[in-house]
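Participant: Protein sequence lines correspond, in order, to chains A and B. Reminder that position 14 of the first sequence reads as 14 in this note's numbering, one-by-one numbering, no gaps. Reminder that position 169 of the second sequence reads as 169 in this note's numbering, one-by-one numbering, no gaps.
Just so you know, these hints were derived from the structure itself, not from any lab. Even for Gly, the Cβ is constructed at its ideal location relative to N, Cα and C. Watch out, some of these pointers could steer you wrong.
As the list claims (entries may be wrong) - Going by beta-carbon spacing under 7 Å, a handful of chain B positions derived as facing chain A: (1) Thr64; (2) Ile66; (3) Asn67; (4) Gln68; (5) Asn71; (6) Thr80; (7) Tyr84; (8) Ile233; (9) Phe237.
The chain contents come next:
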Amino acid sequence: MRYIVLVILNIPVIILALFNILTQYKMHKVSKRRFQHQLILWLLILTMLMCSFPFYNHLIGNPLLDSAELSLFDIVQTTAIVMLFYGANSQRQKIDKAEKTIRDLHQELSIKLSVGKNEKH
Amino acid sequence: MSTKKHEFRVCVVIPAFNEAKVISNVIHNTIKDFKNTPYLVEVVVVNDSSKDDTATIAQSSGATVINQILNTGAGGATATGLSYAQQNNFDIACTMDADGQHDSKDVVKGVNQLIERNADLLIGSRLINKEGMSKVKIFGNKGLSSITYILFGVNSTDSQSGLRIFSKKAIGCLHWKTSGYEFCSEMLWRAKQENLLIGEYPIKAIYTEYSKGKGQNNWNAINIIKSLVKRRIAEMFE
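All chains, full assembly: derive it from the sequences and hints.
Facilitator: Spelled out as structure tokens, the structure:
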């Protein structure tokens with residue numbers, strides 16, 4: 001039952017991330033390569049969460065990797081990690097975009113202002 | 001005014017930071033060496049907010065000067081120079097160091113080779129013929145070239161060389177994100193992503209007391225590696 005709670009709690013974040021990347025791709029805001037990377041990444045996270053139950057079952061009884069059953073704290077912690085990852089990922093993309101805008105602006109201003117001076121000489 | 005027909009317009013980009021002592025020589029030699037070639041050359045000095053007279057001297061020596069509003073580092077200054085080359089529709093662009101480390105004859109040789117080999121990006125490698133290079137520099141450069149190969153899968157004998165020749169296609173599509181010296185490795189990565197034809201040719205590095213003093217410190221390699229690893233990891237999630 002706890003594994004189902006874990007998946008249910010995380011599915012909205014993953015769906016949101018998938019929708020975001022799909023919308024950005026359809027609106028030509030991201031490249032095909034970036035879209036593919038993001039798609040694989042979030043589907044991988046989804047698969048990992050879905051497979052957590054059989055994975056835990058496999059670990060129980062295995063002498064080297066024996067693991068206790070999923071606790072409520074584990075669920076909260078995993079959900080927080082997925083949400084933080086989503087947040088950090090989108091913030092990083094926004095920062096990258098802003099950085100590019102500033103870089104382009106600086107380049108353009110430097111060229112435009114200097115060309116005028118070169119012509120005067 | 002010259003009536004000679006020129007086959008290609010070449011833009012030689014020289015990113016410079018506090019190079020007033022040597023910039024004039026570098027510009028004069030470049031203009032002189034391109035004189036008897038079928039290329040129409042424009043030397044563009046990208047003054048990365050120098051505190052000395054680099055800009056004034058470069059301008060009086062016959063170069064076009066682009067004054068960067070902010071100091072961005074070698075990567076940022078090179079990007080500005082290539083952006084100028086793109087906007088002005090140059091056929092070929094070259095980058096070379098402002099400290100006199102590169103022989104301008106090697107730049108002409110690079111342009112010839114780029115055309116002959118039909119390449120998109122040519123790196124002037126100081127390590128094909130290591131003559132005159134200290135063991136420490138060889139070690140540092142080989143180390144960074146190995147890191148470039150491990151991180152980005154691009155094999156180059158001298159990934160940090162500042163002497164590079166770009167085709168029109170490369171001028172238009174190469175964009176990198178780092179602004180310090182790490183841009184040298186990142187540029188190769190971007191070129192690989194854009195499926196550009198990358199090549200190398202041997203050049204001779206001229207080490208004077210001045211250029212030794214201005215060159216990269218081997219300890220800076222640690223910062224370069226840190227920055228490249230961070231960039232590589234970050235883009236795994238893009």
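Participant: Can you verify the interface hint for threonine 64 (chain B): is its Cβ closer than 7 Å to any Cβ in chain A?
Facilitator: Threonine 64 (chain B) check passes; min Cβ-Cβ to chain A is 5 Å, inside 7 Å.
Participant: Holds or violated: is there a CB of chain A closer than 7 Å to the CB of tyrosine 84 (chain B)?
Facilitator: Holds, about 5 Å.
Participant: Quick one, is the phenylalanine 237 (chain B) hint okay against chain A at 7 Å, beta carbons?
Facilitator: With a minimum Cβ separation of about 6 Å from chain A (threshold 7 Å), the hint on phenylalanine 237 (chain B) holds.
Participant: Using the nearest Cβ pair, does threonine 80 (chain B) come within less than 7 Å of chain A?
Facilitator: holds (5 Å)
Participant: Under the criterion of a CB-CB separation shorter than 7 Å, is glutamine 68 (chain B) in contact with chain A as hinted?
Facilitator: Holds - the Cβ of glutamine 68 (chain B) comes within 7 Å of chain A, reaching about 5 Å at its closest.
Participant: Is the interface hint for isoleucine 233 (chain B) satisfied, with its Cβ closer than 7 Å to some Cβ of chain A?
Facilitator: Not OK, violated: isoleucine 233 (chain B) not within 7 Å of chain A, min 11 Å.
Participant: A closest beta-carbon separation below 7 Å is what the hint needs, so does isoleucine 66 (chain B) meet it against chain A?
Facilitator: With Cβ-Cβ at 4 Å, under 7 Å, it holds.
Participant: With 7 Å as the cut and Cβ atoms as the points, is asparagine 67 (chain B) at the interface with chain A?
Facilitator: With a closest approach of 5 Å, the asparagine 67 (chain B) hint holds.
Participant: Does the nearest C-beta of chain A fall within a distance shorter than 7 Å of the C-beta of asparagine 71 (chain B)?
Facilitator: Hint on asparagine 71 (chain B): violated, closest Cβ of chain A at ~11 Å, above 7 Å.
Consistency with the previously given hints fails for numbers 5 and 8, ordered from lowest to highest.
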